[in-house]
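Engineer: Residue numbers (the working numbering), protein chains in the order written: chain A, 1 to 228; chain B, 1001 to 1192; chain C, 2001 to 2224.
I should point out that these hints are in silico values taken from the structure, not numbers from a laboratory. One or more hints might be untrue.
[What the hints assert, rightly or not] Here are the computed lysine to any residue pairs in the SDA-like style, where the Cα-Cα straight-line distance is at most 20 Å:
(1) A:222 with B:1166
(2) C:2158 with A:222
(3) C:2046 with A:112
[Claimed, not checked] Here are a few chain B residues that sit away from chain A, every Cβ distance over 12 Å (derived from the structure):
(4) 1001
(5) 1004
(6) 1005
(7) 1059
(8) 1064
(9) 1075
(10) 1078
(11) 1154
(12) 1155
(13) 1158
Backbone N, C-alpha and C fix where the C-beta goes; we use that ideal spot for every residue, glycine too.
Residues per chain are reported as follows:
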Amino acid sequence: MTAIPVETLEQAPEPIVPGAPPPQPLAMDFWRGIADDNPVMIQMLGLCPTMAISNQVSNGLGMGAATLFVLVFSSLMISSLRKVIPNEVRLATYILVICTFVTIADLIMQAYSPLLSRTLGPFVPLIVVNCIILGRAEAFAGKVGPMRALADAFGQGFGFTLALLIMCTIREVIGSGTFLGFHLFGPHYEPQLFFIMPPGGFLSMGLMFLTMGWWGERKKAKLAGASK
Amino acid sequence: MIANLSWIFFSTLLINNFTLAMFLGLCSFFGVTTKMDTGWRLGAANTFVLVMTAVAVWVLNTFVLTTAPYLRTIAFIVVIASLVQIVEMAIKKFLPVLFRELGIYLPLITTNCAILYLALTQTTRGYNLIEGIFYAIGGGLGLTLALTLMASIRERLDVADVPALAKRMGLVLIIASCMSMAFMGFAGMGSG
Amino acid sequence: MTGHQHGGGAPATPTPDAGSSTARLLFTLAFFGALGGGILAYTYQKTLGPIRKFAGEKVEVAVKEVLGAPATLDTLYLVGDKLSKTLPQGADVLEATKVFIGYNGKGEQIGVAVEEFTPGFSSEVHLMVGFNPATTALTGFKVLSQTETPGLGDKIEKDPSFMTRFVGKLANPLKGTKSATTDASTVQTITGATISSKAVIKVINKAVGTWKPRLDAYAKESGK
């Protein structure tokens, strides 16, 4: 992580809410979701949709967009209204807000992208129980101002989409020999159907985590070597 | 009638297993499957909530939501959250011993996507009350089966020599992949 | 990110709101519930048009396809257990169970098209089935929706040659076989998608089985 000049830290500090994330520049709030604190690869949240609908790149794009939409609007609304939401019922309120935006996303998708809506099926309304969204509302949006909540929501949303697209690319390219429907390898490629079926989803995810684990171990070893 | 019900039950239990084929409830599948006991207990709690949800959803769909289908998701999630709360209070009051063993897993059920998935698909498939209950029992036992199998494998894994890079999630996912593959063998069952 | 301390996990309870009155809690929930409901009602109104339009178009395209481009179409509605030319007052056209009758340019009946579904290998196969009610000869079918295994079972939708195998076959009832066949009521299934192919055959038999008696009864009644 590069050093950040102190001047760029958010001005006019708000009264500190207990458990609120420490002040940070907006760019960091955004970037954290994509890399250091990626919802899927680091926090391991939202695994269900990441495996369930990742057999085609187009599904991943649709799911990523719908989740981003819900994340951004619910974070914005929760953050703007955080001072009027009583602490005791905050989770119930968050769920109501999230449900509203999920249903909007679902209706819009049914109306203007019916084919995608048909493929994703119940996984669009299931965004409600995607732990990423409620998790961000509880850990972040409910405790900071709208600008930071927005930066965080975009970061987490793009981070989720990125993880989805990695999975989708692996599975569609190997499993169907296509990318976004375009044939990549010519007629002699026999698609490895295994990858677009359920066990392929678990396997691709497992391979992704193994790669991450290998990377982590290597980093640790390097650090240990440097400190000697 | 019987054939239809048994088809719903077995296809949800084995062929379309909620966890291994539909990728539902993975948080608890990976999170709490380190011990056999907790595995099947959580499965049993889930099955119970699933059956209650199936009944509640049928009531909602038949008597309440006929004029406002767009409120489905909200209504379902509110009902599920309340159900879990009620079940938790009831178990705490009447079965304190079970509550101590199960307590921390109960709130987790609300965010288990399998429950909401059941509510939504029961609606789109137009199941009646009896069909819905069989669907819920099949789904719940399927979850329990997957949780118990996974937990028993992971108990053995504790004493195995696993490379450091696979210690977090990697190996567990690959095991899940093998289990999912095994369950695919049930495909085609009953199609005669 | 690891350098930061997140307040050391301090208890989150002592906020200024601690101890809000029950009335305020209920009001907040009711307010957000009503707000959500209001926004959704509005969105629903706005999206209902396109959603219904698409559903209607999808059915129309499927009907024309399975009947081989009919010159004119007639629609009959299922009211109770009988077919009728009109719907009872207040019934929703899209929700009603319908049968479409196609005629060629000379006004002769080509066949009828109905929607039918049955459980498949991983979920439901939903078809538009076209057939001649007098002979039970098939004019075609179209997959309206399916969630079969991608790459295998979904060949019933994506493989156009599969559909052509059904045209002209007699559903009295229809049977499936793994090898090529010339039998009038046997169809060759897709290799690697036998179960899904059989699901299609099941749906077709179900469609002809349930609709032929209804159509015969209607023809008798209107013929008098």
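Engineer: Against this structure, judge whether each hint is valid.
Structural biologist: We went through each hint and held it up to the structure:
no. : hint              : in the structure
1   : A:222 with B:1166 : holds (19 Å)
2   : C:2158 with A:222 : violated (51 Å)
3   : C:2046 with A:112 : holds (11 Å)
4   : 1001              : holds (26 Å)
5   : 1004              : holds (22 Å)
6   : 1005              : holds (22 Å)
7   : 1059              : holds (19 Å)
8   : 1064              : holds (16 Å)
9   : 1075              : violated (9 Å)
10  : 1078              : violated (8 Å)
11  : 1154              : holds (14 Å)
12  : 1155              : holds (19 Å)
13  : 1158              : holds (18 Å)
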